[in-house]
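Given chain A's structure and the hints, the job is docking chain B onto it.
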Amino acid sequence: MTEQHRDAGGNLSQPDFEQVFLPHLDAAYNLARWLLRNDHDAEDAVQEAYMRAYKAFSHFRGGNGKAWFMTILRNVCYTMIKKLRSHETPEPFDEEIHQPVGESEMQEAFRQKANAESLHGALEKLPDEFREVIVLHDLEGLAYKEIASVVGIPIGTVMSRLARARGRLRAEIIAANAKESFS
Amino acid sequence: MNHDEAAKLLGPYRDGELDLATCLKLEEHLAGCPSCQQKLAGEQELVGLIQSETPRFKASPFLKTRIQAALREEKSSSTTIPWWKHLSLGSTFSGLAGAAAVLVLLAVGSFWTQGIPELDQEAVANHVRSLQVNHLMDVASTDQHTVKPWFAGKLDYSPQVVDLGPSGYPLIGGRLDVLEHRNVAAIIYQRRKHYINLFIWPADAESLHGRLYNQNGYHALGWTKSGMNYLAVSELGEKEFREFVQMIQDQTVDSRPGE
Numbered sequence: 000m001t002e003q004h005r006d007a008g009g010n011l012s013q014p015d016f017e018q019v020f021l022p023h024l025d026a027a028y029n030l031a032r033w034l035l036r037n038d039h040d041a042e043d044a045v046q047e048a049y050m051r052a053y054k055a056f057s058h059f060r061g062g063n064g065k066a067w068f069m070t071i072l073r074n075v076c077y078t079m080i081k082k083l084r085s086h087e088t089p090e091p092f093d094e095e096i097h098q099p100v101g102e103s104e105m106q107e108a109f110r111q112k113a114n115a116e117s118l119h120g121a122l123e124k125l126p127d128e129f130r131e132v133i134v135l136h137d138l139e140g141l142a143y144k145e146i147a148s149v150v151g152i153p154i155g156t157v158m159s160r161l162a163r164a165r166g167r168l169r170a171e172i173i174a175a176n177a178k179e180s181f182s
Numbered sequence: 000m001n002h003d004e005a006a007k008l009l010g011p012y013r014d015g016e017l018d019l020a021t022c023l024k025l026e027e028h029l030a031g032c033p034s035c036q037q038k039l040a041g042e043q044e045l046v047g048l049i050q051s052e053t054p055r056f057k058a059s060p061f062l063k064t065r066i067q068a069a070l071r072e073e074k075s076s077s078t079t080i081p082w083w084k085h086l087s088l089g090s091t092f093s094g095l096a097g098a099a100a101v102l103v104l105l106a107v108g109s110f111w112t113q114g115i116p117e118l119d120q121e122a123v124a125n126h127v128r129s130l131q132v133n134h135l136m137d138v139a140s141t142d143q144h145t146v147k148p149w150f151a152g153k154l155d156y157s158p159q160v161v162d163l164g165p166s167g168y169p170l171i172g173g174r175l176d177v178l179e180h181r182n183v184a185a186i187i188y189q190r191r192k193h194y195i196n197l198f199i200w201p202a203d204a205e206s207l208h209g210r211l212y213n214q215n216g217y218h219a220l221g222w223t224k225s226g227m228n229y230l231a232v233s234e235l236g237e238k239e240f241r242e243f244v245q246m247i248q249d250q251t252v253d254s255r256p257g258e
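As you go down the protein sequences, you meet chains A and B in turn.
All residue numbers for the first sequence refer to numbering that gives the first Met the number 0, where the first residue is 0 and numbers rise by one.
All residue numbers for the second sequence refer to numbering that gives the first Met the number 0, where the first residue is 0 and numbers rise by one.
In isolation and in its complexed conformation, chain A is listed as follows (with noise of 0.2 Å):
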């Protein structure tokens, strides 16, 4: 129990809990926004998850408060996410279907045409899985041991992870350009 953050009464303690939690809204609100694709929802899960955190807050013994939040706030994404596409069928994801595309001869063409609406439209259509580290990752500068511990999975499958999902935003990118080409 982590006593310092505790008045005398037993309770936890507001200041002390936004002290710990509130420098991550903006990294939270981050990762919402791109796995729930709006802000009304994005909002409503961040707000969710800090209520989360805060009755949680006994069980967090210090240590790595950004890691423990982004785990609780992806938890209530995904939770929200199977909500609102229940109508959809959901596509199971499996990493080795999304392989990357070829190499070298590829990188002049994406040289040519990436900006930022080509990167935020590629970055959109990958899957959540792969969207994530790369917020995760490139947006929010996670370690990659941090990002096993807010998506559950081992560091090596985060490395493969990462590498799978930039090589598809690569390939998305490309595949964006083209179409633009043939219009």
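These aren't lab readings, by the way, just hints derived from the structure by calculation.
We put the CB at the ideal spot given by N, CA and C, even for glycine.
Please note that the accuracy of each hint is not assured.
As the list claims (entries may be wrong) - Derived DEER-like restraints, expressed as beta-carbon distance ranges:
| hint | chain 1 | residue 1 | chain 2 | residue 2 | range |
| --- | --- | --- | --- | --- | --- |
| 1 | A | His58 | B | Ala151 | 48 to 58 Å |
| 2 | B | Lys57 | A | Ala177 | 55 to 65 Å |
| 3 | B | Ala69 | A | Asn37 | 26 to 36 Å |
Said to hold, decoys possible - DSSO-like, lysine-lysine: derived pairs with alpha carbons at most 30 Å apart:
| hint | chain 1 | residue 1 | chain 2 | residue 2 |
| --- | --- | --- | --- | --- |
| 4 | B | Lys57 | A | Lys81 |
| 5 | B | Lys153 | B | Lys192 |
| 6 | B | Lys7 | A | Lys124 |
| 7 | A | Lys144 | B | Lys153 |
| 8 | B | Lys147 | B | Lys57 |
| 9 | A | Lys65 | B | Lys153 |
| 10 | B | Lys192 | B | Lys147 |
Just chain B, lined up with the frame of chain A:
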């Protein structure tokens, strides 16, 4: 390190996730492998682009405010749980250790309650409710000799009722209320259009700290005198509120001879 192994490690290498030994082996291979060099450059470029061109969505300031408000609400609703219930929630104690802990805590209970704003919060909530639901008074009277006997039979103690009418804080009535699951006397005073609830109950195990508590423009101040707890709550300004408290403290007489 062969080419296939090296190619797999280029991403982690860029990300600074390789241990020193692996790092050195990879660099050795990299030095003589143009294909890997090119792949590494591509990786650098892609991640650079993601970082520079992809929007990092920022939370609106309203979201922060909203979360802070929700946390406050969560805190105030959770603090209406009596403190002893927290012993069974998330506690690492169990069995005999728990029972022993309860005894220890009961022993220090009077000391412990001094720092708890929960009672103040509950009293403020009662005060607000008494104004909201038109339930300010059970007995409306400006006569202390009417108000005091009214409590007889409703409480197992007799609260002192003083009238501060001459000082500008007229007594206007009394009410039965509940604080921490026990019946307490609420004496109501008026100051212009403001009301003051003065809760009174026997100080069995706890004494009140005498510190001013503020919440959303309401003041609460509790003290213990002659074996009774007093807790005054009002939306009055602090100066007048303190003046009122001082007068009540001065005029409540010691009912226990020899103390």
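Cross-check of the supplied hints:
1. Between His58(A) and Ala151(B) the Cβ separation comes to about 50 Å, which falls inside the hinted range of 48 to 58 Å.
2. Distance hint for Lys57(B) and Ala177(A): a CB-CB separation of about 33 Å, inconsistent with the stated range 55 to 65 Å.
3. A beta carbon spacing of about 20 Å between Ala69(B) and Asn37(A) contradicts the range 26 to 36 Å that was offered as a hint.
4. The straight-line distance between the Cα atoms of Lys57(B) and Lys81(A) is roughly 24 Å, inside the 30 Å bound, and the hint therefore holds.
5. For the suggested pair Lys153(B) and Lys192(B), the alpha carbons sit about 29 Å apart, so the restraint of at most 30 Å is met.
6. Proximity of Lys7(B) to Lys124(A) is assessed by CA-CA distance (about 24 Å); at most 30 Å being required, the pair is judged to hold.
7. Taking the CA atoms of Lys144(A) and Lys153(B), the gap is about 64 Å. The hint is violated against a cut of 30 Å.
8. The straight-line distance between the Cα atoms of Lys147(B) and Lys57(B) is roughly 60 Å, outside the 30 Å bound, and the hint therefore fails.
9. The hinted pair formed by Lys65(A) and Lys153(B) fails the criterion: a straight-line CA distance of about 54 Å is larger than 30 Å.
10. In summary, the hint linking Lys192(B) to Lys147(B) is supported, as the alpha carbons are separated by about 24 Å, within the 30 Å threshold.
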